[in-house]
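2 protein chains.
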Amino acid sequence: MSEVEFKKAPDSLQDRLAQVVDLLHRHKLVEDLAHRQEGHQHARVENLVHRQNLAELQRKLDELHPADIAHILEALPLGDRLTVWQLVKAERDGDILLEVSDAVRESLIADMDDHEILAATRDMDADELADLAPELPRDVVHELMDSLDAQDRERVRSALSYEEDQVGALMDFEMVTIREDVSLEVVLRYLRRLKELPGHTDKLFVVDYDGILKGVLPVKRLLVNDPEKLVVEVMASDPVIFHPDEDAHDAAQAFERYDLISAPVVDRTGKLTGRLTIDEMVDLIREESETEVLNMAGLREEEDIFASVWKSLGNRWAWLAVNLITAFVASRVIGMFEGSIEKLVALAALMPIVAGIGGNSGNQTITMIVRAMALDQLGTSNTSRLLRKELAVALINGLVWGGVIGVVAYLLYGSWSLGVVMTGAMTLNLLLAALMGVLIPMTLARVGRDPAMGASVMITAMTDSGGFFIFLGLATLFLL
Amino acid sequence: MSEVEFKKAPDSLQDRLAQVVDLLHRHKLVEDLAHRQEGHQHARVENLVHRQNLAELQRKLDELHPADIAHILEALPLGDRLTVWQLVKAERDGDILLEVSDAVRESLIADMDDHEILAATRDMDADELADLAPELPRDVVHELMDSLDAQDRERVRSALSYEEDQVGALMDFEMVTIREDVSLEVVLRYLRRLKELPGHTDKLFVVDYDGILKGVLPVKRLLVNDPEKLVVEVMASDPVIFHPDEDAHDAAQAFERYDLISAPVVDRTGKLTGRLTIDEMVDLIREESETEVLNMAGLREEEDIFASVWKSLGNRWAWLAVNLITAFVASRVIGMFEGSIEKLVALAALMPIVAGIGGNSGNQTITMIVRAMALDQLGTSNTSRLLRKELAVALINGLVWGGVIGVVAYLLYGSWSLGVVMTGAMTLNLLLAALMGVLIPMTLARVGRDPAMGASVMITAMTDSGGFFIFLGLATLFLL
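Chains as they are written, first to last, in the UniProt record's numbering: chain Y, 1 to 480; chain V, 1 to 480.
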């Protein structure tokens, strides 16, 4: 009896990456040596070792799943990435291109000539081609489109006509359709003739002769019911459906809530036009949370960690520029009180405490609210109740922590009144932070913007300028 | 012919929430009126309206999927939440409890007596009971365990013995197992006798008489192959498998990479002990990204947005206290230079610019790196290369933006040397931000801590104290 060997998938991802990096390093070490010893008699031996290393690397890569290779490509700096990319067998190029992130895909496609791109994309489905098309050279896309049959060409065109965040851009066309007036036995025989079913086929789509969706037949029901029964008796006639122009974000939430694996997409006339599958939705959920984190920190988009310095600059400049302006405003607020600071220099040392705690507290509030909005737990209707709660939390934090820091200020500078001003300013700035932490994302959402967009930069701007103004203002009023 | 009515799932979530809130408001309005008019002849009429509103709300709730009710419960403040919870039909309590977030679940269970909890959990599977058990009153858990048969009791115990982030805690036990030496025809007949298949059954598990996993039979293959064939001829003998003590995070990544729907969990002897399904993995992916965002902002855990003020304070105090200390340190750094500020008060106005831009830039770097580490794209091995890149970005940003702000400083205060000090300080602080933005998460990861933990608070602390020190130090050296 042969021992079954199981594929050990998880926990070895970092290991695999390390192996590839190790082989790459050996390869480069040898290359360096070979360069230095050119013409030398050792060169031939080194070249042999060099070739052995590359062969071993190639063997390693051939064993890996396309998704794992994609992962490794994403984790490698550009030079190493292209070395690995060239070693990957040409017939796997397409699968890998579909798996990598946009930023990395761009770098890989830039390294391929038209001929290679055409070869890699030859066997792709219409939905996969549509995914890739925006990043391919224009003439390659034309050539690809010409090679498709009319139905597929229409599908690619239709998929491309939707926005990235619409259901239509994410659906595929690998639907198994059946009629409602046949028996399950007939369905079973039909499936056997197909030889293979598309991935994620947990239900068959029941359509009439015009292609109008009548219901779905879950494979589970097909398996447990008497083969004599008709499809119409067994099918679910009220499946969750989607429309191509719907928001993909909502679709992903529906998949999550109703534990869907696949779902039909129908047009406004009820005609079946495609299907959504859980794998696309999982990718979308992952992407959404990424975008949210990055946007809050003021990063424009997913950044390939080994992107060139120039690309990184481009990704980060916009919000840094905004931050420069807000910092300048904060600086001018302080400038208004230069006279007070000259008289009491302790103010300069204490003012960043007021601003800093306010910024931290405001970031906590805004993070929580952006999160709740992303999960649709919070509309714009609960504002006042939420505001009351956040203000209460801020008031208590302000009195307690402000009190502590007020005592510290007294101990440092021996002035009770300075301590009281400190406590008062902390409390007011925390209240401002709570107010802005609620109002900024709510307002952005109300005017139809992404509530996460630069949230962190904006709240910090408010609590900095506000904190300086409150503290220096109170000090000027009561201490001088 | 009857028109098929389709369930329109997405895009109506906010609508449904709004409808429930509306009905609740009407209900409360009437209740208020009734209170005010007690003893009055109108009271009876109002009571009728009141009852009608509640009945309508109940009807609305009965139509909703448990996941949707869970969502609505999460989005409601405590009082309204409990009103809705009491209207939900008792037999759906269990399903809903399994869907809500931990924080909300706690508030719902606190509102139920032991009898209600027992009724709600009566029909649960072992894995669902294990999910709920930690939050139930101790005596209820005992009673529940006593009502289980030996196998289920053992399963609950086993599931509870794993950490929350281990595969063993997330697996379920609804596996359909078959033998390898039977024909597909026999399998099909066996399935029909089962009457119903567990959710997410995309493959059957092939085991020997000792329960050792020999392979899996994808339902797809069962459907398209000749029924005469034997299971052993058709099954996949190298499926992706998991072990109960593996990290659930890695399992979720494997599900994502290999587009899995279900996968077997086997113990170290190769015996099938449970199964993982994509729905649990999707929840995990969602949770992970949430935890990451919250941790970066210094929030301990998921916070029910309508949690009491006291709970919110508890969730946020720890990092605020840390922030208080770091702010105090920054204040003392400034304190060291009070003499310089007294001589040149412009320093007080300009220093927050240096600190602020550094904080923003450091947050961008740390966010990107925490993100890449969470996605396993970055080990601790790439540190030096990444550091070089981030330092290059910081240098350019420092010279460019620092130059701009240096010119502004000159225009404001008419001192070229002040402008140059400003530019130099900005550049140095951005370099510090880049260094710390890379080193903080890398170091946390190397010592086995969560790299996201309070990342934002820590980087800001570094760039504040560092920025003040660099700027005031340079100014003291060169300007005074």
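These are calculated hints, taken from the structure and not from any lab test.
One should not assume that every hint holds.
No copy is singled out in the list; a pair is fine if it fits within one copy or between any two copies.
Stated by the list, open to error - Within a straight-line C-alpha distance of at most 16 Å, the following computed EDC-like cross-link-like pairs (lysine to aspartate or glutamate) qualify:
1. Lys-220 - Glu-116
2. Lys-89 - Glu-196
3. Lys-214 - Glu-233
4. Lys-220 - Glu-174
Consistency of the hints with the structure:
{"no.": "1", "hint": "Lys-220 - Glu-116", "result": "neither (42 Å within a copy, 33 Å between copies)"}
{"no.": "2", "hint": "Lys-89 - Glu-196", "result": "neither (25 Å within a copy, 44 Å between copies)"}
{"no.": "3", "hint": "Lys-214 - Glu-233", "result": "within (12 Å within a copy, 36 Å between copies)"}
{"no.": "4", "hint": "Lys-220 - Glu-174", "result": "between (19 Å within a copy, 14 Å between copies)"}
In terms of the numbered hints stated before, the structure departs from hints 1, 2, listed from lowest to highest.
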